[in-house]
Amino acid sequence: MDLYQELILEHSRRPHRSGLREPFDAEVHHVNPTCGDEVTIRVELDGDTVRDVSYDALGCSISVASASVLSEQVTGHSVREALEAYNAMRTMLTSRGADPGDEELLGDGVAFAGVAKYPARVKCALLGWTAFTDALARAGIDFAAITSEPVAEKG
Amino acid sequence: MSALTTAAIPTEMSGQPFTDEELVRIRADFPILERTVRDGKPLVYLDSGATSQKPFVVLDAEREFYERHNSAVHRGAHQLSEEGTELYEQARATIASFVGARADEVVFTKNATEGLNLAAYAFSNAATGGGGGIGSRFALGPGDEVLVTEMEHHANLIPWQELTRRTGATLRWVPVTDDGRLDLSDLDALLTERTKVFAFTHASNVLGTVNPARELADRAHSIGALAVLDACQSVPHLPVDVADLGVDLAAWSGHKMLGPLGVGVLWGRPEVLDEMPVFLTGGSMIETVTMEGSTYARVPQKFEAGVPMAAQAIGLGVAAQYLGELGMDRVAAHEEVLCAHLLEALARRPWVRVLGPGAGPERGGTVAFVVDGVHAHDVGQVLDADGVAVRVGHHCAWPLHRRFGVAATTRVTVAAYNTVDEIDTMLASLDRVPGVFGVNI
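If you're matching them up, the sequences are chains A and B in order. Numbering-wise, the first sequence is residues 23 to 177 according to our numbering. Numbering-wise, the second sequence is residues 234 to 674 according to our numbering.
I should point out that these hints are in silico values taken from the structure, not numbers from a laboratory. Quick reminder that beta carbons are idealized off the backbone N, C-alpha and C, glycines included.
Going by beta-carbon spacing under 10 angstroms, a handful of chain A positions derived as facing chain B:
1. GLU32
2. ARG35
3. CYS57
4. CYS82
5. TYR140
6. ALA142
Please model the entire structure based on the sequences and the hints provided.
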């Protein structure tokens with residue numbers, strides 16, 4: 023099965039940077055209503071830098087691993103870079119397998135390329151990332167000022 | 234009429250599970266069971282609780298309606314409309330006799346969800362004068378109560394949540410025991426003279442539990458409440474006689490009983506349907522119409538506004554006839570064998586936890602379980618890779634899953650066309666799951 027890459031399984035078994043930490047600028051709780059997967063995400067910003075993304079993910083291996091990769095991939099980067107990573111992830115996941123993903127932007131996230139062939143699982147992989155952009159918005163980030171691309175798509 | 238199934242069932246087999254030869258012939262009636270999925274794996278379809286597969290005769294009936302009789306039924310005097318109307322009403326009579334009812338007690342709806350909403354909205358309309366004086370018995374207000382259970386599908390929960398919200402009435406629920414049965418120990422405190430409606434499922438779509446419908450209906454009637462039954466997981470799987478169950482209203486879906494999508498049934502006792510206010514209004518549900526107001530047709534037309542889904546209803550009539558020829562006692566016996574085999578096999582796997590009661594006649598062909606350390610979505614994905622189709626998630630019964638402290642379960646549901654070999658294929662696939670996710674068992 024091309025879905026469960028070893029990297030995904032490793033992240034789901036031992037999620038990196040997991041747990042909810044203080045301080046934070048915004049906290050959101052998102053749910054996948056079809057399966058009940060839940061994620062709570064906190065973001066702490068330092069100017070235009072994402073200082074920390076902490077999370078508590080309850081769900082399938084795909085959604086937990088995705089939150090783990092998210093935290094690893096965006097922490098310490100500028101908000102603009104984080105949004106670029108989100109866009110790259112979303113584009114790859116909704117490409118039905120046509121887009122292998124940009125490893126520069128996504129790091130371990132490219133392991134999720136196979137998820138795009140399973141439409142029912144795309145929401146699982148996007149759950150944490152969508153919650154993250156919602157948290158950025160609640161922390162006062164003005165997406166329009168950063169990028170002209172639409173980013174805050176509700177899951 | 235000639236037999237609908239190629240599996241001619243001898244009557245001396247009544248109450249017996251299907252033989253292997255019979256199963257081969259039954260399976261040949263379902264074209265989809267021939268197909269492969271995921272790189273050539275034979276389809277093992279164990280998701281009939283979500284929607285069942287359809288035999289040729291049902292597909293043919295729908296197609297024949299469109300090819301030969303397509304028309305707006307109950308309208309027009311031309312020949313096609315006459316034929317269409319006749320077939321549509323024949324289908325109603327067939328479905329009625331399938332559940333021991335009269336034709337004019339059967340209302341066609343889109344599905345069970347619409348049937349239950351029809352009831353809830355009719356009651357709601359009574360609260361604002363709908364149905365006139367006679368409809369007032371359905372009216373709810375502050376101080377009144379609706380009783381449901383913790384094991385309901387959202388379709389038999391949310392309509393009542395919304396009804397009580399609209400009317401100011403209060404929603405209460407019967408809890409579920411650890412072994413997945415209704416906890417009736419406090420029923421006297423929950424079912425009181427304040428209770429106007431007791432809505433419960435006949436068979437749980439998660440636990441498989443078959444509830445004592447007759448006893449619950451009698452308890453409801455003893456304090457003057459209406460009994461509303463969700464029969465989605467019973468009518469397709471067990472012999473059901475709605476009058477014997479003693480309930481006032483029962484709703485089920487056609488697509489879960491080998492019928493087409495887009496048609497369901499709301500059955501009601503005649504005096505209840507007669508007195509219930511209308512829900513959807515418009516064409517063909519009227520008696521007279523003036524600019525100032527209207528009077529309404531008799532049951533069942535009163536509840537069937539608009540041009541009905543005749544092709545689907547006719548297909549459903551054929552599905553009921555097909556199931557009747559198989560014999561619902563034999564369908565139930567067959568599913569009990571599959572279910573017992575599955576439960577026994579799962580009990581030998583300590584890393585699997587089954588929700589609901591043990592095997593037996595009080596358990597329908599529904600088995601939901603949790604795999605230690607692996608989310609149900611991931612279990613389902615491994616099964617899917619082996620061609621096995623099951624349902625994963627909360628199966629539209631989120632409060633019930635919360636009751637058992639799980640976010641999601643993997644659910645196997647069976648139908649007349651499933652085999653013990655298919656259950657074994659599913660089990661072999663399930664045994665791969667812990668390894669794929671590195672869980673020690």
